[in-house]
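A.B. asks: In the order they appear, the protein sequences are chains A and B. Just so we're aligned, residue 1 is where the first sequence starts under my numbering, counting upward by one. Just so we're aligned, residue 1001 is where the second sequence starts under my numbering, counting upward by one.
To be clear, the hints were calculated from the coordinates, so they are not data collected in a lab. Treat the hints loosely; a few may be bogus.
The calculated SDA-like cross-link candidates involving lysine to any residue, where the alpha carbons are at most 25 Å apart (straight line), are [unchecked claim]:
{"id": "1", "chain 1": "A", "residue 1": "Lys26", "chain 2": "A", "residue 2": "Glu354"}
{"id": "2", "chain 1": "B", "residue 1": "Lys1076", "chain 2": "B", "residue 2": "Thr1051"}
{"id": "3", "chain 1": "B", "residue 1": "Lys1076", "chain 2": "A", "residue 2": "Lys26"}
{"id": "4", "chain 1": "B", "residue 1": "Lys1030", "chain 2": "A", "residue 2": "Ala38"}
{"id": "5", "chain 1": "B", "residue 1": "Lys1016", "chain 2": "A", "residue 2": "Val191"}
All figures in this text were calculated on a predicted structure; none of them were measured in a lab.
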Amino acid sequence: MAEEKFTAIIVGAGPAGSTAAYVLAKEGHEVLLIEKGAQPGSKNMFGGRMYCHALSRIIPNFWEEAPLERPVAREIITLMDGEQSVSVNCQDLNWTRPPYHSFTLLRAEFDAWLASKAEEAGAMVACNIRVDDLLIENGRVVGIRAGDDEMLADVVIAADGANSIIAQKAGLAQMFAPHQVATGVKEIIEVPSETISQRFQLDGNYGAAQLFVGACTKGMQGGGFLYTNKNSISLGLVVNAAELQRNQYRVPDLLEDFKSHPHIAPLIEGGRVAEYSAHLIPEAGMGMMPQVHGDGIVVVGDAAGFVLNLGYLVRGMDLAIASGEAAARAVMAAKSQGDFSRQGLGIYRKMLEESFVLRDLEFYRKAPEFQENRRLFQTYPKLATSIARRLFTVDGSPPVHLLGKILREIKESRLGLSRLAIDGWRGATWL
Amino acid sequence: MKLTRLTIEQLLGVDKFVVDDQEAHIRLNKEHCDSCETKPCTYACPAGLFTVKDGAMSFDHAGCLECGTCRVVCPKAGTALIWCYPRGGFGIHYRYG
């Protein structure tokens, strides 16, 4: 057994793990950051955008050195039905000035940079290593085993992503149910920088973020996304895993169908696919949160289910980064007390509650339930597009006032005003 | 004009993999698969790695994107399908992510 003992062994060099390593190493602690990929980031993918606030607090002005793509200036939400679509399109240039609101980015580069920051601060980064098991003594996690190697630490930080093998081995998390997670797939499509700016009406290097609901998932719970990078477009779909289990749509076909939709095809025309990727997304929020601390272990980021999907807004990296920071501060507090027990590490949970991480997840506790409503993915996109079509069509038929047009479409949707009112109320108060 | 549809083989063809020839990180006990009526893995796997050939389940770990979808949708995960990540350094290597 190795003689060296780390303050923390962090499993997984994603944003949560590297942040925890950075904060601990900066305060002079012995930290080992283990990554199973050949480089930090080489196993990681996401939709495409990070909200800046969490990282700004830890690395001020990080945008001056981090590999980022475009600051997002334009937000678009699109409802699709058949070949029709309706969009809300919003631009605010304040988002593109320091302190930036959000950036599109590519994880292979970005995660490698964040891990290098941890390494510069003094953390030991070990790649090409898969952690096989936890070392447990008297019910307490005391380290990790990777192949024949065993390494010891006061605390293990499980930052191993959505599949959360480590948290499950520690008995803190259970295997999730299909409806609690979604499968995300994405293509990186290379398109020249100026072409992207023209197609999305963007000034210079500003970026756009677009979410899609409806036909893109064939009415299944989920949606499409599009983020503009410097020289590429990140285009993908997210579909709830229980829907994939029930319906017989092949996932790669869904994405190719989406690409050829008349709304999407002109945006990526002439582009070349540079990468195809897939990842699991925790979607049930507080409903699937594991115990985030145990004896000698804490759980951060995706492994703890820290993702927030409101339908019009999707967050993960800011929650991961803030949870990594909280874990680091909790480990330091536990060390000063000499108590790495479940109770001693309870301060991690308290710090999460006091930070925006659990405040926001708790505040939007009902958002996952709201999105189990199939009408969101079938009836409403159809209703919105048919109202829009009636508004903008001139064909010589007798005129009808706005209210009449809208009521007629609602009637034809067979939705019922009471159901519309309930869904509307829930949407307005749960999201 | 139109971007042509890509097959799953073409999509996986642009990705970088370091294939582990010695050890498969996902193993199937195919007798369970044969009795599985719905076989959701054959639809849900983003890499399309689960196919039925001549009535029997066929699987290749080489193009795995390591998302974990099969482990979630498999009705008999843990017995029919044993899942773990590839050994360190092997498997998908995202250059963009």
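A.B. asks: If a hint holds in the structure, say so; if it does not, say that too.
C.D. replies: Status of each hint after checking the structure:
1. For the hint pairing Lys26(A) with Glu354(A), the CA-to-CA distance comes to about 23 Å; that is within 25 Å, so the pair holds.
2. For the suggested pair Lys1076(B) and Thr1051(B), the alpha carbons sit about 17 Å apart, so the restraint of at most 25 Å is met.
3. Annotation: proposed proximity of Lys1076(B) to Lys26(A) is violated, straight-line Cα distance about 45 Å (limit 25 Å).
4. Between Lys1030(B) and Ala38(A), the direct Cα distance comes to roughly 32 Å. Violation of the 25 Å bound is thereby established for this hinted pair.
5. Between Lys1016(B) and Val191(A) the alpha-carbon distance is near 20 Å, which keeps this suggested pair within the 25 Å criterion.
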